[in-house]
Structure formats: structure tokens, C-alpha cells
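Read top to bottom, the protein sequences are chains A and B.
Under the numbering used here, think of the first position of the first sequence as 7, with each following residue one higher.
Under the numbering used here, think of the first position of the second sequence as 5, with each following residue one higher.
There is no bait here: all hints are sound.
With beta-carbon atoms standing in for the labels, derived distance ranges: (1) B/Ser84 to A/Ala240: 53 to 61 Å; (2) B/Thr150 to A/Ile132: 29 to 37 Å; (3) A/Thr181 to B/Trp194: 35 to 43 Å; (4) A/Gln13 to B/Asp237: 36 to 44 Å; (5) B/Ala148 to A/Gln13: 25 to 33 Å; (6) A/Thr181 to B/Asp250: 39 to 47 Å; (7) A/Tyr37 to B/Thr150: 13 to 21 Å; (8) A/Ile129 to B/Ala148: 21 to 29 Å; (9) A/Asn208 to B/Lys39: 51 to 59 Å; (10) A/Ala258 to B/Ser48: 31 to 39 Å; (11) A/Gly18 to B/Arg149: 22 to 30 Å; (12) A/Thr181 to B/Arg149: 28 to 36 Å.
Note that these hints are calculated values from the structure, not bench results.
Even for Gly, the Cβ is constructed at its ideal location relative to N, Cα and C.
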Amino acid sequence: MTSTAVQARRPGLNAWLKLIEAEAKMVIRDYAGLIVPLGLPMLILVMQGIMIDDIHQELAEGVTVFSYYALPVVISMVVSTIAVINMPSFLATYRKTKLLRRLAVTPASPAMVLVAQMVVSFIQVILGIGLAFAMAMIFFGASLPQSLFTAAAVLLACCAAMYGLGMIVASIAPTPNSSVAIGLVAFFGIAALGGMFGPAENLPDALQTLGSWLPFGAAVEAFQSAWLGEAVDAQNWLVLGGSAVIGAGVAAALFRWE
Amino acid sequence: MRGGKLEPMTEHKEQHAEQSAPPAIDAQHLVKRYKTKTAVDGISLQVAAGETFGILGTNGAGKTTVVEMIAGLRKPTEGSVRILGLDPFTDRAKVRQILGVQLQQAYLHGSLTARELVNLYRSFYPDPLDAEKALAMVELTDKARTKFDNLSGGQMQRLSIALALIGRPQVVILDELTTGLDPKARRRVWGTIESLAEQTVILVSHAMDEVERLCNRVALIDAGRIIAQGTPDQLKQQAGTSTLEDAFVALTGREIHDDEEDD
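If we strip away everything but chain A, and leave its shape as in the complex, we get (with noise of 0.2 Å):
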């Protein structure tokens, strides 16, 4: 056999959803991984209604103080949950036992198994959305965003934004623990900063500044101005797509498959 004999065929569809359905079925039959980033922002979300005063209180025609403060942070968080924690803690999981070297000797390459992971966390995140939606409609008498478009531009600079910091995330840290670690350090320095404890605005100046230039904080804010069928702030989008081209930077230079 000869060199011309063989045709260089890239994995097709099939195995694209074999991947995925393959990454589904990890996240699934790992509780852990599927229950946090769904069960805690509906705790938070339950909190905030319980915390913030007059929720039923309209803000502008059909927004109420509810969905204006805690609708936005509960997505962010399910976002964030997933990208920030999860996301890297499968990634290096998959790096310490040798998975993605294994791939890497089949037509697969790790980066597919990386595509499938955001594919399947982004599943995750809509329907994290879509419960925690469910329950703030049906116990909070919720409104959706005055910008449906708005609001669908934000959710994807959001992920790209949350991705960007956990594969900053996944590139930095050693082992699966530590991912999990600096992965719950990182989420819960930007969303105590972004107003997941209590809104933003009851921050001490400086504290409420430095969480409005992180990834947190940002989303939150241009959630709000959706919700208000506002034009986002420039300086939210500026962070956002920052936080996204920054961590793609930091994972071009540091990620190591193993």
C-alpha cells in the first residue's frame, strides 16, 4: 500500500452527534454537573423574590422589579455556572485520564470533543433558562424582555464572554480539582460583584465600578437594558466581546490537550 491509496476523510455528521450525544450522557449520569447549574440559580431566583422588596412593582410598562433585578442575574449565573465551572471541570477531567489523547490517535481530534462539550453545555444553558423562566413566570409573575432580540444578542455575547473565562479557566489549572476550585473562585468573585447577592447598586462606588467591567456585571446591565427594550451600553458589549477575545487569547497560548 502506497501513500496515494489512502483518502484523508474527516469524521462526519455521525460523529459529531455520537460526540455530542456522547458528552450528554456524561453530563447527564454526572448529577453534580447537571443539577448545580440548573438547581442553584433557581435557589438564587427563589432568594432574590424573597429579598427584593415590591416585586410585583413596575419599573416601566410591564416590567416589574422582579424581572428587572433578578431575571438577569439568574441567567447570567446559569451561563456562567455552566462555562466557568462546568465546562473546564469536564476539559480537565478529560486532560488528567488521558481522554483527549486517546482521541487525538483516531480521525477525531480533542478540539471536536471540545466543540461537542459547548454544544451540550448551550443545551444546558437554554434549559436552564427555560426552568428558571418557568418558575419565575409562574410564582413571580414575570414578564419577558421588552427586546426579545435584544435579549438573544446579550445570551450569546454572555456565552461567549463566560466560555472565554472558562477556557481561561480550563487553561490555567492542573488538575480537575483545582479547575473546580479556581472555577468557583472566579464565579463567585464576578457575580458577587455583578449583583448576585443583592443588586449591584447597593455596592460601596468602586466595587460597583470594577463589577460593571466583568463579565458578570456587564451581562447583568445589558439583561437590564433588554428588559427595559433599551440599547445596551457600549461599554457592556465592550466588556463581553473583551472577555471573549481575551479568553481565547489566554487558551490559544496555555491550553494543553494534556
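Fit chain B to the given chain A structure using the hints.
Showing chain B alone in chain A's frame:
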């Protein structure tokens, strides 16, 4: 000898024919240097199509580094590799289709069942083996619905072999095939390898009985270099010993132990 079925004359003819055909694997002057260590120091080997070639050495001898360079997982500092005429680094996509690899201590998706893993790996290749036949080949049909994490060490190893063979590879690399397996499991795995009549196989091992039983030819590696190369009988003759283990000790001056595995 592999399978122990060939008559001496037939074997001789086969070897002669192999020598005149281009080698399935051709590694020339492989060197792998790290900052403070030279792991592989100028290894050259050629494996004929259909041959089972053993790489035998002690812990840290450089066996795994050699096969990782052949498989395209580790770039050589110097030297070249060709698999059926293809470069595993520049012709990566082509080589991945003709090469099946069982890595030492490689893990799979732990929450997936044996059948799900077989079907996943099948999807990577254009003309894979049938899933049920692949499971039957390594006697795992009754474990098809068992998650990888719940398989025994021997079952995991056999599943890894099935996945290495799932794409009908022409060249197979098996690294520490039976390390950690009990005698019964080892014999089952050997039976699977003996059934590979058409594939070219590189078998990395430190188990003398395994190499002697399965391999047509063997390279003894020590400190990153090939100390001796030939059929098991030739090596014994060269060392003037009656067993391959004695030949290994005589030629390298080192003992080899069953608990050794990582390179």
C-alpha cells in the same frame, strides 16, 4: 512465534518476501531529547507488512516514547517515521485512518457503556467493524451495557483493544497490552492478538512470555537505544541462552520485572 503455526521453511520464505517489500513501518534514527534527558537516542526499525514486532525493555528504556513518536503523538527531536509511506505528522488525517492504537493507561468516557463507546468510536471511521462483532471479538458481549467505570481492569483493556481495531486498521500499536491482567485475562487478550492475521502490529511489552509467543521479531531497548534486534530464536542464539529472559539479561545486563510499566 506468532501463533506458532508456521513451518520453518514457510516462515523463512515469508521473511524473505517481507524483506523485498517496502516496510509497513519505517522509523529512521529517532531521537527524543528533553531538557536534561535523552529518552530515545537514535533508534531505527523497520516492520514488514503483516509482521508482529515486539519492543521489549525495562522501565524508562524509552519504549513508549518510541511508539508515541511512531503514532504521531510525540514529535521526534530528530529522525523520521513513515507508516505505509505516510508521515504521521504531515499526513495526520490519513494516518489516523489506517492506524489503530491502544495506549498505556488511557481512559475513556467513564459514564458510557461498552456498547456506547464502541458505537462512538465506530462513528469516527468510514468502514468500521460491526459493534456486536467487535464486542464479541474481545468477549465483552455480556458487558455491553456495563459502564466503562464499572468494568474490571482486564475488561477495560479488552475494550481498549476492540476500539484500537474498530476502524479496521492496517497498522496496530499496542502499548503494554496485558500489564496488570490476571493469567486468564492475559491469555484471552493474546488470543485476540493472534487472530490479527492481516495487520502489522507493534507490541510494546516487558513481558517475555508475551513477546515470545506473539512476536515475529523483537527489538531489545535499553537506555533509549536498540541493543539487539531479531527473532526470539536469533536473540537467544546471539546471547547463548535458552530463554528470551536470559537473553535480555545477558544482552542488556538488566533484570526485567512484571511490575514495570510506564516509560
